[in-house]
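Got two chains here, each in a separate frame; can you build the complex from them with the hints?
Each protein sequence line maps, in turn, to chains A and B.
All residue numbers for the first sequence refer to the numbering used here, where the first residue is 159 and numbers rise by one.
All residue numbers for the second sequence refer to the numbering used here, where the first residue is 2 and numbers rise by one.
Treat the hints loosely; a few may be bogus.
What the hints assert, rightly or not - Pairs of lysine-lysine, DSSO-like flavour, derived with a Cα cap of 30 Å:
| hint | chain 1 | residue 1 | chain 2 | residue 2 |
| --- | --- | --- | --- | --- |
| 1 | B | Lys13 | A | Lys165 |
| 2 | A | Lys234 | B | Lys145 |
| 3 | A | Lys173 | B | Lys13 |
| 4 | B | Lys77 | A | Lys165 |
| 5 | B | Lys13 | A | Lys236 |
| 6 | B | Lys77 | A | Lys236 |
| 7 | A | Lys234 | B | Lys77 |
Said to hold, decoys possible - In silico contact screen, one side only, chain B against chain A (beta carbon under 10 Å); selected entries:
| hint | residue |
| --- | --- |
| 8 | Glu8 |
| 9 | Arg11 |
| 10 | Glu25 |
| 11 | Asp32 |
| 12 | His33 |
| 13 | Glu37 |
| 14 | Arg64 |
| 15 | Leu65 |
| 16 | Gly66 |
| 17 | Leu71 |
| 18 | Phe75 |
| 19 | Ala76 |
| 20 | Lys77 |
Unchecked claim - For each label pair, taking beta carbons as the anchor points, the in silico distance ranges come out as:
| hint | chain 1 | residue 1 | chain 2 | residue 2 | range |
| --- | --- | --- | --- | --- | --- |
| 21 | B | Ser53 | A | Glu230 | 20 to 30 Å |
| 22 | B | Ala182 | A | Pro174 | 57 to 67 Å |
| 23 | B | Ala222 | A | Glu251 | 33 to 43 Å |
Hints are computed from structural coordinates only; laboratory data are not their basis.
All residues carry an ideal CB built from backbone N, CA and C; glycine is no exception.
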Amino acid sequence: MPNPLPKDLVAASSKPIVLAILARGENYGYAIIQEVRERSKGRLEWTEGMLYPVLHRLEAQKLVRARWVVGELGRKRKYYRLSPQGTRALETEREDWRVVQGTLQALWQ
Amino acid sequence: MFDLEAEIQRWKRTLLESGSLRAEDADELEDHLREEHGRLRAAESSATPLLSDEECFVIATHRLGQPDRLAREFAKAEANAAWRRRWILMLAGYLGITLAFSLISLVAHLVAFSIAIPLGTSYMVPYSAVLLLGFAIAAVLARKWSNRGPSWLSRGAHVRAWLRTPSLVAIVLATVAVKAAVPWITSVLMDRRIAYGDFGRPNLLVYPQVALWLAPVILLAVLVRNERERLRREVDRAAD
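So that you can see chain B by itself, here it is in the shape it has in the complex (with noise of 0.2 Å):
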């Protein structure tokens, strides 16, 4: 039995995963696409229709276009919204990284604080242990997520007002606070408890760390706004 609000959501998703149409956009075509397939609809309302449902549908999605040949339309259309998607992907990427490998590191230290210290043992042992595991299950996460990212990134209109500018910064603001926080509580767990010698001393230089740590982040806009303008020069061309 043909299922048509089924078909037309199987037919939205794969208009989606292209990555070059907005959430709305397939909403517009989606409106389309359900006005086209009425009129073919009411035109063969007759006793005797010509033609069913299901082919009805087939005709309108074929008078729209092919999904593969509509996302690169648009995508050549929309190159800037495009890039926008990319740059905050990677960016995310980067964020989601370095406060992935921050957090693994802080539990790492905590575990290995709480066993070596009361035990007597080494402190090396399990703390890189934990931060193996740590490691281990980031990369599962990383393989699992690697298409789409987690379903609550990707679910309603709310997560596209989350990536918007302030909360980008915010981000930012927030994974720097944690990756200084790190070096400062580990050297806070040490001076107290555990000789420098056992395991190094924490480096407490921050505000150069800072700076590594957001040169990759410049690098990047600074790479992305230039392929941006490269590619408005080139649609621009293309559209003269």
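Next comes chain A alone, as it looks inside the complex (with noise of 0.2 Å):
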């Protein structure tokens, strides 16, 4: 297995991945780490916890929303989905990203 990247790495990426998953649909925390282990082939490790301040973050920026949803068992699960705001915000992100994307593969050619 290849090793996981630097943790500046995972934690500058944390925003623009879990706003580009929100724009997907309205997730959850759990669901919201698998696909990142997926997407990422296990490359990009989160220590699960973590991911939550993330999100309270971005529903504080007002980039997402939350609601509590009551599952059969009785289990409340907080969802989050993307605001008009999100997505603007996730515009900003793509374009930041292409910028250091294109610099870097400019210099290694």
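Listed below in structure tokens is the structure:
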């Protein structure tokens, strides 16, 4: 199995990744982490509990909206979805990351 | 015998005791923990499972992160919320002390009044005795509640609703009213029955006193606001 990415990179990419996952539809913490693990083929290793402060920060910045849903077994689950501001923020993030990616690619050619 | 429900409740209590998580944050993490535990159990549900229920729980909590590390991350991410809680606690503490002292003093006056007048004895002796007894009881209760406050205060969601701004304003007003009422009541008692020279003329200058009582609240609010701003800037810098 390849090495996990350095912590700084994981932290810096958490916001665009969460926004991008929520852009695909409403979701909750556990499933978001599963999705990250799958999409990164296990190389983006999040300490699972650390996702929640990120989600709450995005909620405080009004980039995502949250609601509690009570499941069949009476279990409460908090679902998150993108707000219109969140969609715009994701657009900005995409531009920013393209600049980084483009610069590195140009230098590595 | 491993009791999953009891372990989850204990784990949640540890998280909440850190003071940087709200009850609903702990609920959210609990949902995560249960799902992780459920998946591990399902993967181990063969005829000869490698892991016990308890081991699945330990792995699930480990993946979620150590409680103290989690608490630190939550405190960092929600510096504002943490400060709001602290400042509400400080304000509640100040109001509680003010209210308690006013009530003790009022009771002491009433007791002294009902002893000194019929018996014709000194006012100061019963007054001081009741005052000291009241402070002693208050000190014992304060010691008992110093960690988490009385159990009725930390129970359930209605307490959080209690600590919202309108109720806080109402509590401040009630405190001011009680503080203002104490000298008024004592002055009425004394004007009627006791010569001023016996105890000293009660102070009727209520308004400057109200300002004095409110001064620490205002000072505290300013300090907390400054500190919060500083913290927010720090968090923003750290996030950038």
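Now for the hints, and whether the structure bears them out:
Between Lys13 of chain B and Lys165 of chain A, the direct Cα distance comes to roughly 27 Å. Compliance with the 30 Å bound is thereby established for this hinted pair. For the suggested pair Lys234 of chain A and Lys145 of chain B, the alpha carbons sit about 34 Å apart, so the restraint of at most 30 Å is broken. For the given pair, Lys173 of chain A sits about 27 Å from Lys13 of chain B by alpha-carbon distance, which is consistent with the 30 Å threshold. Between Lys77 of chain B and Lys165 of chain A the alpha-carbon distance is near 17 Å, which keeps this suggested pair within the 30 Å criterion.
For the given pair, Lys13 of chain B sits about 17 Å from Lys236 of chain A by alpha-carbon distance, which is consistent with the 30 Å threshold. Under the criterion of a C-alpha separation no larger than 30 Å, the hint pairing Lys77 of chain B with Lys236 of chain A is consistent with the structure, at around 21 Å. Annotation: proposed proximity of Lys234 of chain A to Lys77 of chain B holds, straight-line Cα distance about 25 Å (limit 30 Å). Among the interface hints, the one on Glu8 of chain B is violated; its C-beta lies about 16 Å from the nearest C-beta in chain A, farther than the 10 Å criterion.
Annotation: interface hint on Arg11 of chain B violated; nearest CB of chain A at approximately 17 Å, more than 10 Å. Interface restraint check for Glu25 of chain B: the shortest CB-CB distance to chain A comes to about 8 Å, inside 10 Å, so the restraint holds. Proximity of Asp32 of chain B to chain A holds as hinted, the smallest CB-CB distance being about 5 Å (cut-off 10 Å). Taking 10 Å as the C-beta cut-off, the interface hint given for His33 of chain B holds, the closest approach to chain A being about 5 Å.
About 7 Å separates the beta-carbon of Glu37 of chain B from the nearest beta-carbon of chain A, less than 10 Å, and the hint is met. Interface hint status for Arg64 of chain B: upheld, as the beta-carbon distance to the closest one in chain A is roughly 5 Å, under 10 Å. The interface hint given for Leu65 of chain B holds, since its Cβ lies 5 Å from the closest Cβ of chain A, which is under the 10 Å cut-off. Here the hint on Gly66 of chain B is kept, as its CB sits about 4 Å from the closest CB of chain A, short of 10 Å.
Below 10 Å, beta-carbon pairs count as interface contacts, and Leu71 of chain B has one with chain A at about 4 Å; its hint therefore holds. Using the Cβ-Cβ criterion of 10 Å, the hint placing Phe75 of chain B at the interface with chain A is satisfied: the shortest such distance is roughly 5 Å. Against a cut-off of 10 Å between C-beta atoms, the interface hint on Ala76 of chain B holds, since the closest Cβ of chain A lies about 9 Å away. Checking Lys77 of chain B against chain A: minimum C-beta separation of about 7 Å stays under 10 Å; hint holds.
Range check, Ser53 of chain B to Glu230 of chain A: Cβ separation about 27 Å, and the 20 to 30 Å hint holds. Between Ala182 of chain B and Pro174 of chain A the C-beta distance comes to about 59 Å, which sits within the given range of 57 to 67 Å. The given range of 33 to 43 Å is respected by Ala222 of chain B and Glu251 of chain A, whose C-beta atoms sit roughly 37 Å from each other.
In this structure, the hints that do not hold are numbers 2, 8 and 9, in rising order.
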